[in-house]
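Based on these hints, arrange chain B on the given structure of chain A.
Number of protein chains: 2
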Amino acid sequence: MAIQTANGEAKKPRNKKYVYSFGGGKADGNASLNGLLGGKGANLAEMAGLGLPVPPGMTISTEVCTHYYANGRTYPEELTAQVQKGLARVEKIMGRQFGSRKNPLLLSVRSGARVSMPGMMDTVLNLGLNDETVQGVIQQSGNPRFAYDCYRRFVQMYGDVVLGLKPESKNERDPFEKIIEEKKAAKGIELDTEFTVEDLRALVAEFKAVIRDRLQISFPDDPQEQLWGAIGAVFGSWQNPRAVTYRKIENIPGEWGTAVTVQTMVFGNLGDDCATGVAFTRDLSTGKNALNGDFLVNAQGEDVVAGTRTPQQITLAASRERAQQSGHGEEERQQRYPSLEERMPAGFATLQNIAHTLEAHYKDAQDIEFTIQSGHLWMLQTRAGKRTTAAALKIAVDMVNAGVIDKRTAVLRVAPGQLDQLLHPTLDPNAIKNRIARGLPASPGAVSGEVVFSAEDAEAAAHAGRKVILVRIETSPDDINGMHAAQGILTARGGASSHAALVSRGMGKCAVVGCEALEIDYDRQQFGVRGASLAIRAGEWITLDGATGEVFRGQVPTSDPDPETPEFKALMDWADQFRRLRVRANADTPHDAKVARAFGAEGIGLCRTEHMFFEGERIDAVREMILADDTAGRVRALEKIVPMQKSDFRGIFREMAGLPVTIRLLDPPLHEFLPHTEEELADLAAKLAVSVDRLRTKRNALHEANPMLGHRGCRLGITFPEIYEAQTRAIMEAACELTREGVEVIPEIMVPLIGFQRELETLRTRIVQVCTEVSQKQGVTVPYTVGTMIEVPRAAVVADTIASVAEFFSFGTNDLTQMTLGVSRDDAGKFFPDYLTQGIFPQDPFVSLDQSGVGQLIELAVHKGRTTRPDLKIGICGEHGGDPASVQFCHAAGLDYVSCSPYRVPIARLAAAHAVLRQPASVKARKLQRTKKATTQPEAS
Amino acid sequence: MAIQTANGEAKKPRNKKYVYSFGGGKADGNASLNGLLGGKGANLAEMAGLGLPVPPGMTISTEVCTHYYANGRTYPEELTAQVQKGLARVEKIMGRQFGSRKNPLLLSVRSGARVSMPGMMDTVLNLGLNDETVQGVIQQSGNPRFAYDCYRRFVQMYGDVVLGLKPESKNERDPFEKIIEEKKAAKGIELDTEFTVEDLRALVAEFKAVIRDRLQISFPDDPQEQLWGAIGAVFGSWQNPRAVTYRKIENIPGEWGTAVTVQTMVFGNLGDDCATGVAFTRDLSTGKNALNGDFLVNAQGEDVVAGTRTPQQITLAASRERAQQSGHGEEERQQRYPSLEERMPAGFATLQNIAHTLEAHYKDAQDIEFTIQSGHLWMLQTRAGKRTTAAALKIAVDMVNAGVIDKRTAVLRVAPGQLDQLLHPTLDPNAIKNRIARGLPASPGAVSGEVVFSAEDAEAAAHAGRKVILVRIETSPDDINGMHAAQGILTARGGASSHAALVSRGMGKCAVVGCEALEIDYDRQQFGVRGASLAIRAGEWITLDGATGEVFRGQVPTSDPDPETPEFKALMDWADQFRRLRVRANADTPHDAKVARAFGAEGIGLCRTEHMFFEGERIDAVREMILADDTAGRVRALEKIVPMQKSDFRGIFREMAGLPVTIRLLDPPLHEFLPHTEEELADLAAKLAVSVDRLRTKRNALHEANPMLGHRGCRLGITFPEIYEAQTRAIMEAACELTREGVEVIPEIMVPLIGFQRELETLRTRIVQVCTEVSQKQGVTVPYTVGTMIEVPRAAVVADTIASVAEFFSFGTNDLTQMTLGVSRDDAGKFFPDYLTQGIFPQDPFVSLDQSGVGQLIELAVHKGRTTRPDLKIGICGEHGGDPASVQFCHAAGLDYVSCSPYRVPIARLAAAHAVLRQPASVKARKLQRTKKATTQPEAS
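Protein sequences appear in the order of chains A and B. Counted the way the working numbering counts, the first sequence spans residues 1 to 941. Counted the way the working numbering counts, the second sequence spans residues 1 to 941.
Keep in mind that a hint or two might mislead.
Said to hold, decoys possible - Calculated cross-link-like contacts (lysine to any residue; reagent style SDA-like; alpha-carbon spacing at most 25 Å): (1) Lys407(B) x Ala517(B); (2) Lys864(B) x Gln856(A); (3) Lys830(B) x Thr762(A); (4) Lys698(B) x Glu761(A); (5) Lys698(A) x Ala517(B); (6) Lys646(A) x Arg766(A); (7) Lys698(B) x Pro707(A); (8) Lys92(B) x Ile138(B); (9) Lys830(B) x Arg524(A); (10) Lys687(A) x Glu615(A); (11) Lys288(B) x Thr558(B); (12) Lys687(A) x Arg634(A); (13) Lys864(B) x Glu615(A); (14) Lys594(B) x Thr785(B).
For the record, the hints were derived by calculation from the structure and aren't laboratory data.
Chain A extracted, bound-state conformation:
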């Protein structure tokens, strides 16, 4: 490619750097090149730069991966020369030659993405062996058995990973393992270690033969061919289905690509002065500041992973602890699993030093891979160790206390979403589990219970003190009490924002939804799973993991959380010091309000009044109101409801004393309150002394083709003014009474579904009138505000006019997302999986705000609203208020607060702090992203 320079000369561009060497005390790159070299490559370079003992090698950058996929799986022209140059450097450092029969260099070829994707991609070890170079290894090591063991491992691994020899059917075993098993059987031996050199040599030949037979190709003897085959296989594995799925779950962009690290092999399997292992600079489960880890003597890394041998503890202390737990005496311990500290004290000391160096250098707990070859310790990897939330909190707080990091860094060390772990029970990781299905992880937690198929059964069972899981095709507001009574909810339909999901999250109750494989049969009181021959009957135990969406048969033991640790409190305190966004909770009951306040909520951002309508006998009055023929009839029924609502509001105001409480007037269409089945209809008819026919007619008349876009929200307020008037009266009476009792009350009356300025103007006038009346009658003045939800796209577009009559905006991002995207969350299950798989949605837009679509409307509304009313208070009360990425967006968009379910309040608090701490970078990134979008890049990227 030729580039035209300013003075018109055509000039060949400088060679682009694709290969980064490291080792021998030097490195081309360092940890900051994470994006280019992958985590593994960047940290190897960093360690080499620090002078730590890293086997020399080179990393082929992720840009090559991008090029590879953009150009029909070919490499940039310059790559071959750069790899050869890198290889020559390694050969020089090691004093060995790749492919030499006398003094051969063996290599490992490994993947390395920007973030760790453990086990998802391919690796090839012991590369460079053939019938000639194996002789060189025998000479180097003086150990023919070791050399042939390596050769056997290499052919097996290369045959699998690079050449692709897999079982031909599901029932067939791995062809290589089959050969090994047959040979063991023929020889009457049990362990690999019992093979002779001759056996191993024969295995190599047999492996090559099966490859030739099955694949019609010869095993490549040329080390260069082996090398490029392995590099291609690693790049190819970036798109294997396993990796693609993993990225989808972890939200890792497919465009990042993987780097490939080619590195000198070091051997932990060269004899009893050799070992391989993993170490952690702190306990990543508890956060305790103590080096720990596992190792195996005379083994290669894959043996640790394979689990055929039980690893030993690195430290003496840990080894002793294990012995104590197992009831082993000191002698038995020393014999069976002595620590590295005892077994190879020099290696251990080096490891300990390096661990200290690395932690001091990275200022974070490290996860280290090492190999000791003939007493010499080599570092193969270091990275920030994955830790439990509890550990993350403790490590961060400890490091602040030790002066290693500042509070800012500590706050950023804990991912907001991680806090979820702390706030809900989790399944015991060591328990045996029988997974029968997997749905969408709608609301976290881990619970077990007997299966019930109706809300009534759930309530009855709960009354009887039994724990149940409510299993429904989907849930409706009628199921609320049953959901309350159940330990958890499992549904076959609905997405992350279905009724079941929303309500469960609101209740902090574990839920798995949209488990499409379930075949629920209410009549037979059982469910099956598509593709599996099983039937779970009512009364049988199942367990849900709300964090993963998994459904297990039987009762899996769980461990309870305790968020109230000193570390949690310290970190949340620091977070609160940094954040600008206020955090409120969505809470409909005094109980929810109390929980929310305990979690740090600074008010209620959404108090839904409709849930109150379902409780106890209220539903009868509500139904009477709906069935009334005229305003007078409705008013009569409403008069029964007002005192009940008032008492709810009193309770909520009291819990939130001194903090604002946003109460949303009635939102759902009236038919949601009517019974669904004929039986319930008959019951209601008897209760109200009207004919079933009349009831049915009324219900049918209220039926809607698209209830989401129907007669609901403020439209009810316009057509039946008495409903909102009654609710307003209940709110203000409660507020006045409490004020007289000395409780500070800050009510905010919120009108849902506004699309037109005149809607709000009309309703606001009536609301103010009622408030004034109540206030005068009670002789108390309570300051209150009237505002609206922005959830209809039109409201965002005409926010300037609406702001003239609204004192606050609250983005109802659930509905705003539904309408802006034209997607019903209840029906999305049919196509969302395809949309997520094909990358049309980068993420479920009901879980994380669609920033480039819905987000633009939010920004528009904020801008227009504040143009009319500069002091307009603006918040968000959709489910997105508890999603860290969405919280960050809300911060950048200039909102005043987010509101989320009580159990997500700490998450939002931490996310709000992150938003401030990350702001400069994130603002830049967003701007960059927009520029890219406007030119060539797909918006979703």
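Relative to chain A, chain B alone:
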């Protein structure tokens, strides 16, 4: 009120002018002050200015009306003095005094709005009479009977209009008429004219007595009190329910207000040399250039309206024509209804001259009211005459040909919406009608037929050659064939954009929808009307008026339209010369395409493919496709559909040879194609040889909570790629075949419901692939484009990214309105009436585009789309494409074309011309409106 001047002095504002005098050859105002003086007042001033004989008077401006309602029904301070001054001027001109017993002046007090609202507001005549002034009138006229007749009329009219004496119950007759009837009975006479002076004097006393009895007030004898009472009553009548309803129907803003004209009474009832009448400078029914009109000898204006006496013709020619029609001889004619031309030749000659003067002055056909008092002709009103569309066309074209007006003026003289009249039959205005209900006028025309309650019955009856009206609670795609077979459609539910309305308009078929009073009973095969005790059974005849939404019992005669007049063609030609917007049609069949082209469509903007799926046996293949378990099964079924669709496309392409045809790929959710009833389900199961259970399960699995926001449009294309591939294949095969046959084909493939750039990118890639394949196979290259509908709000917001992969945009404003407003058109019937009544919607947003909401998104999308792709072709294909106001918006927004139903193409063509001709004013107006909105005005105003 004091105003602060720049140098700080407080200064009294100059008296604002509220009263405009006219008469005596001079006038304060003229016709351009229409908004201030109302049509009547402005034209009286104009005539007075021209020196025409206008009884002197004054007009109180509409600003007083605005002040009146804004200030608790009080007047501006200055008004009294200004009225007195105006009155003094009149007294001076006439040489009479208001309230004088010797030489009294009598007045009329009339309303006059900016546009005529005939009969909606109040009038008081003969004002100024009491027991004393009546003596003066006797002296002036020498005719006591006349004087008391005036007095009787005045008290009756004032008692009704100003004092508000109305019947006390529905069953009671008018109390004044009751007294008259009783007197006649007592005297044994039949006609008013038989009353003696004494009788009339007694009637006046009795009228005053009943007023005193019923209302507890004395009839005001003071002429000043009478005058202010009448002025107040006229202003008050602006808000009477009749006027409010009329304004709502005619879209007249309530803020305009009415003016009040106070004018010297002239009397057509002073003897046989007196007359009163109406004249038209041209025939307003046919447009023929001939003076015509009616008059009555010795009568007041109200007598012409009352219809108790049959008026006579003004011209001899008309009188003779009438005689011919009635079979009367010349003698009988002369005796019974001689013309004004014969009866009062001098008065007629003056009238003829004035008529010429006025038409020449106004350059338009005039509607004139006159009175001849003792041989002297007075002009009471002139205005542009309301005319039929045929007359409008002929008058405009004739005036261009006569050099009176230019083409531009001619085009502007015909309101686009008026053309509807020409394109559909209309009810005979003279027929006797029995109206039983009124719904929404969804699709124009006037039709009669026997009532049927199912699509099948409609088809069967049509086969048998019978005319039927299909009466349904609501319609679904299953009813298409029945709708085709019926003369018209009547539904109880749904709004102007319901399925029934949309499909009917598309078919050019008369429809009345959302007739909520209907109580349809399918079982009994009859319908009733709420509040009426009648039952219309299947087989009974009814008549629909699609222009008014009226439903009549029985068969009302209709007259057929003939749009193909030379005047129609000439005017449309001129319109085409002015417009910039292209006009296309929405057409799904070759027949529709043909009709559309005949109406001047320049291509098809929306060809829906789903309607094709319902025809004949296709639906079976479609259902087989839906029920298939896998891709292979769907492909098999689709292979049956492709040839059928191909043949449809061939037909449409052929009709539209040389013009672009936009074909929308499948849009509705699949469940719309499945049967609804259990019986149909059983039939289908038998046909497909599957179990009813399996069918039901499938149908239930496809059920959606909000189908509008569900699995439809491009989402089907993403999840079932084979459907769009098959449709694309059918399109391209048809296009290639026809191209080879020498037909010019311009296919535009349109993907519905796009919200994300990647959706379109993904689908576009596949579409292009299929097109290329077909093209290569057929050896023909057909230029085609791939574009998208913009109907999901998100698509408008991210239009810049979507434009990178779309070659054209077409705004689907039906769905865009639904989603932007969050309103399902199917469910809107429950609250739209309240929204329209309360002025929240200025107009039904499904009929006329919501410019301030949806319109902003359209403007945004146009801007963003053209930023990415400057040559992006942009159109609109929602129902709004045929609404004149929306067409004007589309023009201003810079769209390239509008597309509407074939029968609205001429309307759109004319509206597009109006948009150009009105542009400077309209652009200014829109800007002004926006500025107002942003400050204080409600957006909807």
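Taking the hints in turn, this is what the structure says about them:
1. Between Lys407(B) and Ala517(B) the CA atoms are separated by roughly 46 Å; this puts the pair beyond 25 Å, and the hint is violated.
2. Using a Cα cut-off of 25 Å, the hinted pair Lys864(B) and Gln856(A) holds, with the two alpha carbons roughly 13 Å apart.
3. About 18 Å separates the Cα atoms of Lys830(B) and Thr762(A), which keeps this hinted pair within 25 Å; it holds.
4. Distance restraint check for Lys698(B) and Glu761(A): the Cα-Cα separation of roughly 47 Å exceeds the 25 Å cut-off, and the hinted pair is therefore not satisfied.
5. Taking the CA atoms of Lys698(A) and Ala517(B), the gap is near 15 Å; set against the 25 Å cutoff, the hint holds.
6. For the hint pairing Lys646(A) with Arg766(A), the CA-to-CA distance comes to about 19 Å; that is within 25 Å, so the pair holds.
7. For the hint pairing Lys698(B) with Pro707(A), the CA-to-CA distance comes to about 23 Å; that is within 25 Å, so the pair holds.
8. Using a Cα cut-off of 25 Å, the hinted pair Lys92(B) and Ile138(B) holds, with the two alpha carbons roughly 21 Å apart.
9. Of the supplied pair hints, the one linking Lys830(B) and Arg524(A) is violated, its CA atoms being roughly 40 Å apart against a limit of 25 Å.
10. Proposed proximity of Lys687(A) and Glu615(A) is supported: the alpha carbons are some 17 Å apart, at most 25 Å.
11. A threshold of 25 Å between alpha carbons decides the hint, and for Lys288(B) with Thr558(B) the separation of about 22 Å falls inside it, so the pair holds.
12. Under the criterion of a C-alpha separation no larger than 25 Å, the hint pairing Lys687(A) with Arg634(A) is consistent with the structure, at around 17 Å.
13. The hinted pair formed by Lys864(B) and Glu615(A) fails the criterion: a straight-line CA distance of about 50 Å is larger than 25 Å.
14. For the proposed pair Lys594(B) and Thr785(B), the alpha carbon gap of about 23 Å is at most 25 Å, so the pair holds.
Checked against the numbered hints given earlier, this structure breaks hints 1, 4, 9, 13; the rest are met.
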